[in-house]
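Q: If you're matching them up, the sequences are chains Z and E in order.
Everything in the first sequence is counted per our numbering, starting at 18 for the first residue and increasing by one.
Everything in the second sequence is counted per our numbering, starting at 18 for the first residue and increasing by one.
Hints were generated in silico from the structure; no laboratory data involved.
Don't take every hint at face value.
Stretch by stretch, here's where chain E covers chain Z in the computed footprint (C-beta under 8 Å, at least three residues) [said to hold, decoys possible]:
id, segment
1, 195-204
2, 216-224
3, 230-240
4, 259-266
5, 276-289
6, 296-305
Partner residues aside, some chain E positions facing chain Z, computed with beta carbon under 7 Å [claimed, not checked]:
id, residue
7, Met199
8, Val200
9, Leu215
10, Val231
11, Phe238
12, Asp240
13, Pro249
14, Trp252
15, Leu277
16, Ile281
17, Asn292
Note that CB positions come from ideal geometry on N, CA and C, so glycine has one too.
There are 2 protein chains.
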Amino acid sequence: MRFETLLIVGGGLIGSSIARAARAKDQCKTIYIADTSEAACKSITELGIADGVADGHADHFAAQADLVILCTPSARLATTAMNLMPSLKAGAVLTDVGSVKGHLVQALAGRLRKDIHFVPGHPIAGTENSGPEAGFAELFEKRWCVLTPPKGTNETAVADLIAFWKGLGSLVEVMDPSRHDMVMATTSHLPHLIAYTLVGTAIDMETVTNKEVVKFSAGGFRDFTRIAASDPVMWRDVFLTNKTATLEMVDRFIEDLTALKRAIRWDDGDMLLDNFAKTRDIRRRILDADKD
Amino acid sequence: MRFETLLIVGGGLIGSSIARAARAKDQCKTIYIADTSEAACKSITELGIADGVADGHADHFAAQADLVILCTPSARLATTAMNLMPSLKAGAVLTDVGSVKGHLVQALAGRLRKDIHFVPGHPIAGTENSGPEAGFAELFEKRWCVLTPPKGTNETAVADLIAFWKGLGSLVEVMDPSRHDMVMATTSHLPHLIAYTLVGTAIDMETVTNKEVVKFSAGGFRDFTRIAASDPVMWRDVFLTNKTATLEMVDRFIEDLTALKRAIRWDDGDMLLDNFAKTRDIRRRILDADKD
Ligand SMILES: NC(=O)c1ccc[n+]([C@@H]2O[C@H](COP(=O)([O-])OP(=O)(O)OC[C@H]3O[C@@H](n4cnc5c(N)ncnc54)[C@H](OP(=O)(O)O)[C@@H]3O)[C@@H](O)[C@H]2O)c1
Ligand SMILES: NC(=O)c1ccc[n+]([C@@H]2O[C@H](COP(=O)([O-])OP(=O)(O)OC[C@H]3O[C@@H](n4cnc5c(N)ncnc54)[C@H](OP(=O)(O)O)[C@@H]3O)[C@@H](O)[C@H]2O)c1
Chain Z
18 MRFETLLIVG
28 GGLIGSSIAR
38 AARAKDQCKT
48 IYIADTSEAA
58 CKSITELGIA
68 DGVADGHADH
78 FAAQADLVIL
88 CTPSARLATT
98 AMNLMPSLKA
108 GAVLTDVGSV
118 KGHLVQALAG
128 RLRKDIHFVP
138 GHPIAGTENS
148 GPEAGFAELF
158 EKRWCVLTPP
168 KGTNETAVAD
178 LIAFWKGLGS
188 LVEVMDPSRH
198 DMVMATTSHL
208 PHLIAYTLVG
218 TAIDMETVTN
228 KEVVKFSAGG
238 FRDFTRIAAS
248 DPVMWRDVFL
258 TNKTATLEMV
268 DRFIEDLTAL
278 KRAIRWDDGD
288 MLLDNFAKTR
298 DIRRRILDAD
308 KD
Chain E
18 MRFETLLIVG
28 GGLIGSSIAR
38 AARAKDQCKT
48 IYIADTSEAA
58 CKSITELGIA
68 DGVADGHADH
78 FAAQADLVIL
88 CTPSARLATT
98 AMNLMPSLKA
108 GAVLTDVGSV
118 KGHLVQALAG
128 RLRKDIHFVP
138 GHPIAGTENS
148 GPEAGFAELF
158 EKRWCVLTPP
168 KGTNETAVAD
178 LIAFWKGLGS
188 LVEVMDPSRH
198 DMVMATTSHL
208 PHLIAYTLVG
218 TAIDMETVTN
228 KEVVKFSAGG
238 FRDFTRIAAS
248 DPVMWRDVFL
258 TNKTATLEMV
268 DRFIEDLTAL
278 KRAIRWDDGD
288 MLLDNFAKTR
298 DIRRRILDAD
308 KD
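Next comes chain Z alone, as it looks inside the complex:
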């Protein structure tokens, strides 16, 4: 056991899942959760997934914690970190689960206590649901968790956090924050933006009713609606904080779509075929990776 006492700040989908997994996999002795939402605190208490719940100030828990995981909405991660800073125990590891890393690392650069080890993180796992009830212990099982420690971070702290995530069932990768943000813009942020757009475009069609859209959604549309049902606030923040990478991906996507559109207009079947054939291989590789 690398960390005896764990403090989770923000006990929603991700935070409560970490609490459940840490307990189930015996990754710490004591689990505290702090959440500013009264309803969330009530629910966390009822679920019995923490040894102590703080509604609002968490300084007394922070002073005891060997590992603090920030699981608040991403827009509040930096402020939450700075507010807790004075209370943290010397030598504690501070991490987070935010979906964008460069922005947070920049916001905290040079503002952290020297005796605290900050190792930013991002578990690539989630659902379209929010809140403590939505969490479950298996969420991180065989999912990647990316850590983006700044240069010079204490190696033991990084190793301990890697061991913790592996203990929850995750696979762990260490990456540069800006690389993380570019990879995620490709595999997560652009897909979400596209899904939101597509569902919106369909809703706005004057000649096709929403009833028809619902009725005939099995033709492909349905898969997009699950992604487009994700938390709007979280995704607004993701796009605004990972702006550069997102905009680059959107531009490339529009270019590629425009090229396919042109091929359709000019009956260039070969061009369409070439493009549609090359995407199958990735699916096969993803399914193969599942088997490993």
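Place chain E with the ligands on chain Z using the hints.
A: Just chain E with the ligands now, with coordinates in the frame of chain Z:
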């Protein structure tokens, strides 16, 4: 039983699924399948899903069939219909399963025998796999099947075909061909084009490797790869035959995406939030519809 003898032309995913379902649900006495692919015929024979299999010419089967369902790739539907025309039994119902309807109706307009009842159809059901082995009897269960009979079509023929599809477990809706093509452009064709584009854009990123794309696909990308693994030939044909509706949808989509892109660039969080919030309702309605 409305139809004693059934001929399925093209025994791939859709055709073989119809054969399986018609047998399982006792919707006809005799099932013949014709397929130009030798491998498919061999597989159909081995699977034992037909009472007779024709490799190539199906005129002898066509002469006996009360219902003929064309399940070939969509680009060949019109030619296949015209080739079979002389052999068909007087009074037979001729239908198809093609994903685009306006194009086929136009291609056959005025060319059909007067004693044949042509009722175009499209089951909104499928998977990303092809071939006889990929089929299964439950494919149409609780899925919509749209029929687009031209004005003046014999009403008994339409009623019989509706009863047949309902017998396979489908829900049936009758629609105008051009309305069908617009609804499908929205709920199926645009989603497929977008999925192909998105997966292609990700593959082409120089700064993100395909290995990384596969590894971190759980963040949203994964769902797109299933759709983008659909049959390239079939989808090329869908876009080229449903060109007008597809191009209109692509233009609307690009407009909407460009507006969101602009909101990201100018930090217009409210605009993003409004757009992301409105898409959740459709998901809820789709899940509600599942329960019915
Ligand atoms: N959901 C995913 O798929 C996913 C995946 C990977 C990473 N993440 C990241 O995980 C983080 C949390 O996401 P989530 O889906 O778990 O959200 P969630 O279910 O909405 O939970 C967040 C919880 O934190 C509370 N909170 C807000 N501000 C706080 C503060 N200053 N101190 C303590 N608690 C606070 C919220 O209360 P209120 O409701 O009152 O605000 C809420 O109960 C985000 O940074 C997100 O980027 C999410
Ligand atoms: N897949 C879906 O999700 C889906 C959903 C709804 C509707 N549809 C429609 O269903 C139709 C069939 O799709 P599918 O997915 O079942 O395709 P499939 O699995 O590829 O099967 C088509 C079969 O028809 C054969 N064939 C080609 N030309 C023929 C001809 N002239 N006479 C007899 N057989 C012929 C093909 O042989 P070869 O391999 O030698 O060409 C193949 O065995 C298409 O029109 C499509 O638009 C598909």
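Q: Let me make sure I understand: some of the numbered hints might not hold for this structure. Which ones are they, in numerical order?
A: none
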